[in-house]
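Protein chains in written order, with my numbering: chain A, 1197 to 1806; chain B, 1197 to 1806.
Just so you know, these hints were derived from the structure itself, not from any lab.
Heads up, some of the hints might be wrong.
As the list claims (entries may be wrong) - Sample of chain A residues facing chain B (criterion: CB under 7 Å; computed from the structure): (1) R1274; (2) E1277; (3) N1369; (4) G1370; (5) V1373; (6) V1419.
Note that CB positions come from ideal geometry on N, CA and C, so glycine has one too.
There are 2 protein chains.
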Amino acid sequence: MKLMEMTTLAATLLLALILHVGASLAGAVEALNMAAFGAKADGSDTTPCVRAALAEVRRSRAAKLVFPPGRYDFWPDRAEEEYVFISNNDEGLKRIAFALTQLKGLEIDGSGATFVFHGLMMPFLIENSHGVTIKNLSFDFSRPFQSEGRVLAVTPESVDVEFSEEFPYAIRNGVLVFTDGKKTSGPATTVKSGEVIYPYGNLLAFDPKKRETAFMAKDFYGVGGGIVAKQIAPRQVRLALSKVSANTGDILVFGAKTREYPGIVITDSTDVRLSGVAIYNTGGMGVIAQRSADLFLNKVQVTPRPGGERIVSATADATHFVNCRGKIEMEDCLFEQQKDDATNIHGLYAQIVRFLGRNRIEIRLVHPQQAGIDFVKAGTRLELTQGASMQPLGYVMAKSVERLNKEYTIVETEQPLPDDVKPGDCVADAQANTAEVLIKNCVIRGNRARGILLGSRGKMVVEGNTFHVPGAAILFEGDARCWFEQAGVRDIVIRGNTFDNCNFGVWGNSCIQVGAGIADEFKKTSRYNKNITIEDNLFRVFGSLPLLSIYSVDGLTFRNNRLEHTQDYPAGEGKAGKLFEISNSDNVKVEEPALVAPKSGGASVRKAGS
Amino acid sequence: MKLMEMTTLAATLLLALILHVGASLAGAVEALNMAAFGAKADGSDTTPCVRAALAEVRRSRAAKLVFPPGRYDFWPDRAEEEYVFISNNDEGLKRIAFALTQLKGLEIDGSGATFVFHGLMMPFLIENSHGVTIKNLSFDFSRPFQSEGRVLAVTPESVDVEFSEEFPYAIRNGVLVFTDGKKTSGPATTVKSGEVIYPYGNLLAFDPKKRETAFMAKDFYGVGGGIVAKQIAPRQVRLALSKVSANTGDILVFGAKTREYPGIVITDSTDVRLSGVAIYNTGGMGVIAQRSADLFLNKVQVTPRPGGERIVSATADATHFVNCRGKIEMEDCLFEQQKDDATNIHGLYAQIVRFLGRNRIEIRLVHPQQAGIDFVKAGTRLELTQGASMQPLGYVMAKSVERLNKEYTIVETEQPLPDDVKPGDCVADAQANTAEVLIKNCVIRGNRARGILLGSRGKMVVEGNTFHVPGAAILFEGDARCWFEQAGVRDIVIRGNTFDNCNFGVWGNSCIQVGAGIADEFKKTSRYNKNITIEDNLFRVFGSLPLLSIYSVDGLTFRNNRLEHTQDYPAGEGKAGKLFEISNSDNVKVEEPALVAPKSGGASVRKAGS
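Just chain A, same shape as in the assembly (with noise of 0.2 Å):
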């Protein structure tokens, strides 16, 4: 036993247990310095700092820790593992940089520190906690979990990418594969090599000068399998794809196949404040709550990391919200480039799929994205939905359940159901997705598909913000088909908020969007969104789209709003004109808005934003 580091981990441990003395004898806020635990900002692992500074935190009740400033880089190989179900995201036995499981009241300081992820693992997992904050950092990971390639020529037949070094690939027996270019040393005959592969599911282009996804660029689905390739040069590659939506100059970005590493998970959670915390890179969403209460985002950001080539941030949604309560308040966010909409707020639908009796029913949650998140417990008031209208058949509550595995529960209601309560029908936590919410100042631009998607039963306002998004700036989802997010908002405001150049890609139909899963049949008579007050806004148009286009909505006021026509994308070839799109709707009251000049020269959203 040669060498021994026992004399560095003893004096660690020393060096924190008299920093924590020394904080309980002044009486003050019980800090514990990160260093005290080994965490150095050279290149040094992490990991294992932050296990031992968490034990400390659970033995002493300690009440933050804090980093010193700096780099500091974490590997999954000594991360704490959890098998974890993420509504929207991709389930699985996780490593976990920061396992804040059980805890009451911490805050996590990173005194303005960049943290470094390397591999697969999730930075952040907030469970069964109250009053945990997060603050002062930034985070990326080493090799994104996306890949990019500037287009440097599209045929009929073929696309040529160039991958910089950041992007490692290689082509094997004719495929493309992106690996993070590390030789394994282990065993690569009948089993599995242990080489890390980062698998892709799409191709989407972006333009590198405006920094958004490419005017009008589509996705391009299916290439799940592999992509057959060619290199044609150093790191220059031909790809046999037709009809891939792409420029030459454009980034083609080679989506990750899976959502496994979300950056901040919250589950079951109450409580939770994240300040100045930027996310440069994820597997998965940036931000995402589930069966929680009371969050508090305050100049959160996803966002590439500043300096760098890479063109994409997070590869899914921003910040997403589901089955949250008390309070969502997103303040001074800046949300871009990431590989989907900006925000998701909404409860689940489980379908009824059995009728085991009249008061016995098996449901499932249909959607593999939701699969393993519970939410019917016995005591759960269960609102009752049609499946095909979305109107409401009335309540009961769940008595008992029995859960089979993560897609099936048997459910045992005090009640009998009522008599027009089919299979196919579906059944919400009526009082999950009851969140208050709050956005505001907020800037959402470049990401792929749309800006906010609001589903809320609470009372919402969406204030003083800028979208400059591809799609539908403000969507209203839900339905029970497809996604089976459970929406249909009730008192929202959309107040002063610029719209600027919307719609510049296929991801919406206009600038505010209701787009429920209503069969047609359904829509004259359902009225699944309610309350909707559009005010004092800026629209900052340049095509022919509308600026609402909606349908099965109880009141909606638009009044005091102003457009602007700009020239800064080509106009289409769309029927000009029509700025309102509502049918199917009761209590409507639309203003005109004013036209306002345009600014001389013309406003550019970079300039605008930050």
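Starting from the known structure of chain A, arrange chain B on it as the hints suggest.
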């Protein structure tokens, strides 16, 4: 609520109750009839019936579950679910048809029934149980985990293959993908499609007439990222691959990429009996036992379904035993055409990664398919072995353990570790892998690779078996640098077996072989395997490879064996005549085998075997 299935369910439960009470009153062995739980040989899903029956077994402590004869189908939808770590297979959250956990004394009698599993599920898990018997049944998968195609042509740049309807596939963006042939109706945009894919990772040619791996066929690896393919006719595909080891008329097997769904998993259990069980397909090993004792396999068959067209049975080893104790007996078994060895009986090594003190080490389960197979607990007697030489370094007792995750554990030891123990050396559980082994009257043939790999420290007898395998019939392995399998026999008798034209493939250099992972410079001093007696066997040999190839052995007796030269395969051009390659060994006694005249017309293994 129009459709109620309550009546049927209630009737079923009532019937079960009556049968149960009847049995109790009669004082007979409590046998539950699966028909009473709704099991029907009519193509309906038997999975929920098994769940209901097992709930009743737990309630009533019934000792027997009986299936009426017939074909029963099983789907994963409503199956039990558990995250299982399975040595030498792939861990994961599995759907399990028969979750036989925490049981004491249960016999499942199939009465000759056939079980057909559909999709991704595990047939049997026997966990933390004592006295479980499974008998008189066969099982298969409707869509096998491997895929098979008939080779139509081979050129230097391509292989043309024809797939029967049994192996659905698609060519997506020019890449070959295997599917279950069903259209999926779920969402297929930014998330999983819900489609069941059968990934492949390697290719191997089989000879359909001889029903064995093609003569000298080599594994073709590295296709896990996909194969470039083109449709050339209905169900005919041209693969853009060169140097595939296959000939026109062969069956090219696309080996399953993972081993997630083995057939019968036995973990932490004792006294398990499998009798008259036929395994036609699995997505992993046929039978895999770990940390268990007293395992009896009688007339177990791993073989493709009789009358079918498939060439492969299990997609990995037929059987496998890891860290098992007590007795392991296999009698009158047939193991054929599985994609790996017939059995492998070994322990596990964890590597010492770091010293954290004189009594504190960090150990790692290095092999990805051993992760999570924790074997060090407080009180485990640890055998210390030098990594490079496989020489013993003494013993220490584990005092306490701290598990970091499925790979890493910190172990505190009662005694300080000997000074000559270094990182890279390894630990094993000195009490595990001690089973007394009997392998008798079995037929082992046509599978990929070797016959049996033997590494138990207990007394072993291999008697009256017939081996016709492409590699070594019997192999003594064990290493601490690649497979991390603890082996090193202490007392083995190999008696009265027929080694019938073995080594017709590439997986071995003799009929009985030592392949221990001892670095060359230590072979002179290391004596890893001990006391091997080989007597009264018949070696039928077509080629020039030795009968024995052995190094670093202490104690070897080869006596009273017979040798018959055959012309059943091309002899090749090896240096003829050297029957024994024995080096760096002590106490070796070798008698020349008696030459036997070939039988007229030659013997065929098919005739001899069954």
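Discussion item. Under 7 Å is the threshold here; is the Cβ of A:R1274 close enough to any Cβ of chain B for the hint to stand?
Written reply: 5 Å, holds
Item to complete: Using Cβ atoms only, decide whether A:V1419 comes closer than 7 Å to chain B, and label the hint accordingly.
Response: Since the shortest Cβ distance to chain B is 6 Å, the answer is holds.
Discussion item. For the restraint on A:E1277, tell me whether the closest CB of chain B is nearer than 7 Å.
Written reply: 4 Å, holds
Fill in: A:G1370 as chain B interface residue, shortest Cβ-Cβ below 7 Å
Since the shortest Cβ distance to chain B is 4 Å, the answer is holds.
Worksheet item: Does the nearest C-beta of chain B fall within a distance shorter than 7 Å of the C-beta of A:V1373?
Response: For A:V1373, the interface hint holds, since the closest Cβ of chain B sits about 4 Å away, which is under 7 Å.
Worksheet item: Taking the least C-beta to C-beta distance, is A:N1369 closer than 7 Å to chain B?
Response: Because about 6 Å separates A:N1369 from the closest Cβ in chain B, which is inside the 7 Å limit, the hint holds.
The structure shown violates none of the earlier numbered hints.
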